[in-house]
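Asker: Here is what each chain is made of, one letter per residue.
Number of protein chains: 2
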Amino acid sequence: MTDSVFDEPPDLPPQAPPPPVDFAEFKKVVESRRSVRLFTPEGVPEEQVRAALDLALLAPNSSNLQPWEFHWVRTPEKKAALVEACLSQPAARTAAELIVCVARTDTWRANRARMLEILGGQTGTPPAVLDYYRRLVPFVYTVGPLGLVARLRGAAMWVVGLFRPAPREPASRAELTTWAVKSAALACENLMLAFRAQGWDTCPMEGMDSRRVRRLLGLPRGATVVMVVAAGRRSSKGVYGPRLRFDRALFVREH
Amino acid sequence: MTDSVFDEPPDLPPQAPPPPVDFAEFKKVVESRRSVRLFTPEGVPEEQVRAALDLALLAPNSSNLQPWEFHWVRTPEKKAALVEACLSQPAARTAAELIVCVARTDTWRANRARMLEILGGQTGTPPAVLDYYRRLVPFVYTVGPLGLVARLRGAAMWVVGLFRPAPREPASRAELTTWAVKSAALACENLMLAFRAQGWDTCPMEGMDSRRVRRLLGLPRGATVVMVVAAGRRSSKGVYGPRLRFDRALFVREH
Numbered sequence: 006m007t008d009s010v011f012d013e014p015p016d017l018p019p020q021a022p023p024p025p026v027d028f029a030e031f032k033k034v035v036e037s038r039r040s041v042r043l044f045t046p047e048g049v050p051e052e053q054v055r056a057a058l059d060l061a062l063l064a065p066n067s068s069n070l071q072p073w074e075f076h077w078v079r080t081p082e083k084k085a086a087l088v089e090a091c092l093s094q095p096a097a098r099t100a101a102e103l104i105v106c107v108a109r110t111d112t113w114r115a116n117r118a119r120m121l122e123i124l125g126g127q128t129g130t131p132p133a134v135l136d137y138y139r140r141l142v143p144f145v146y147t148v149g150p151l152g153l154v155a156r157l158r159g160a161a162m163w164v165v166g167l168f169r170p171a172p173r174e175p176a177s178r179a180e181l182t183t184w185a186v187k188s189a190a191l192a193c194e195n196l197m198l199a200f201r202a203q204g205w206d207t208c209p210m211e212g213m214d215s216r217r218v219r220r221l222l223g224l225p226r227g228a229t230v231v232m233v234v235a236a237g238r239r240s241s242k243g244v245y246g247p248r249l250r251f252d253r254a255l256f257v258r259e260h
Numbered sequence: 006m007t008d009s010v011f012d013e014p015p016d017l018p019p020q021a022p023p024p025p026v027d028f029a030e031f032k033k034v035v036e037s038r039r040s041v042r043l044f045t046p047e048g049v050p051e052e053q054v055r056a057a058l059d060l061a062l063l064a065p066n067s068s069n070l071q072p073w074e075f076h077w078v079r080t081p082e083k084k085a086a087l088v089e090a091c092l093s094q095p096a097a098r099t100a101a102e103l104i105v106c107v108a109r110t111d112t113w114r115a116n117r118a119r120m121l122e123i124l125g126g127q128t129g130t131p132p133a134v135l136d137y138y139r140r141l142v143p144f145v146y147t148v149g150p151l152g153l154v155a156r157l158r159g160a161a162m163w164v165v166g167l168f169r170p171a172p173r174e175p176a177s178r179a180e181l182t183t184w185a186v187k188s189a190a191l192a193c194e195n196l197m198l199a200f201r202a203q204g205w206d207t208c209p210m211e212g213m214d215s216r217r218v219r220r221l222l223g224l225p226r227g228a229t230v231v232m233v234v235a236a237g238r239r240s241s242k243g244v245y246g247p248r249l250r251f252d253r254a255l256f257v258r259e260h
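As they're listed, the protein sequences go chains A and B. FYI, the numbering for the first sequence is 6 to 260, going by my numbering. FYI, the numbering for the second sequence is 6 to 260, going by my numbering.
Keep in mind that the hints were calculated from the coordinates and are not lab data. Don't take every hint at face value.
Which copy is meant is left open, so a pair is good if it fits within one copy or across any two.
[To be verified] Here are the simulated lysine to any residue pairs, SDA-like style, with alpha carbons at most 20 Å apart: (1) Lys32 - Gly204; (2) Lys33 - Gly204; (3) Lys242 - Pro23; (4) Lys33 - Gln53.
So here's chain A without its partners, still in its complex pose (with noise of 0.2 Å):
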């Protein structure tokens, strides 16, 4: 496992620097950004629905395995019925749009085959990453009927790790959904910056009846309800309270 992407950069021609952007806008996204409780009954161009969903897929994610969906539920039959599933909570009775992020393991696979294909009909890739997709991906990833795999290979990486850094998870199905509900999460804050920085707000709910959820959307057991993303115009009185963040020494360590 050494002599893989971690170890030697390719040998690539030089890029074109990233543009500069303005952080005085980007501040106002995220500072405006406040979960949005009540919503007025405006509704959401689905061009910018659209915007925000396409922004949300541009997050970092494990091994590029994209592990992720989002359920845009629109239909009025549907809507009823996950506002119900969400409690009935105000800013899901209120939102214009309601879009499910879901979370999957069962994917990884097939976004590993797709990968191999994009990358084996690239010239250049280097085979050091072809090896990572062709060997690593599935000997990490792989947990096996009753995570058995995934725990024998926590205990054989323990053994490794005596000696030299290993790497640890997924150690377990529960870690293979904590993976995967990680990368669905960092596309939720872009989705949920997305539509802050065209104007719309949102809420995400987490309280909410994950199984109803799932029957509703016909989810397999490879997926997990990360969160329900509500979204719409603002109400003057949709915001709760001023924002709460205590101290930042109890959550910023130097070391």
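With chain A's structure known, arrange chain B on it following the hints.
Answerer: For chain B alone, coordinates are given in the frame of chain A:
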């Protein structure tokens, strides 16, 4: 549980609308963010790192319990050890700054107390909100020894769920970890975008030895390493290839 914040919006004075923002600038931030695997030796000014961390802490998070931490590893000895724990990958080796994001399942009680102290000291806090932190938060997040409280609650919610929508998670210690990681990942995305918006770049690293990272930072049992974020000036050979995203129809479903 039904007479809670999930029911009726409180009666609030009208608020000013959020500021308009320049969507094109935001889009540029998201589109130009790539996982950069090679940095130049240039350092990031301390105040820009702090600005990025401050924006990370403005991410939405579950019940405002802020189950996240950012460990900024600055001393040469600890940085060298962290690079090694990151399997000495080029992104870690060449990064000007390394920040470890950690999710905490053991801080919600203290942060609940902080919320109650702040909310209780404010006039006009809706009783339902106080009640939410007083009664519902401990009900939902207590997992108990061996996760037994969470499992019992999960079983009870299953029964309740036969009759009406009921929240399900966390029904195990693992699900509480996923819960904390989810909020922490939302903050990580803010962090990475905030670096990009200030002209810097990042690489989120999950391929690392989380046991060694835990030991290095002296993390307690209730802490989970979410990712290590490398940051610095993008090298002209820092991006290993064109961005690859599969067909959006694979990820965006309409219902």
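Asker: Check the structure against each numbered hint from earlier and tell me which ones fail, lowest number first.
Answerer: Failing hints: none at all.
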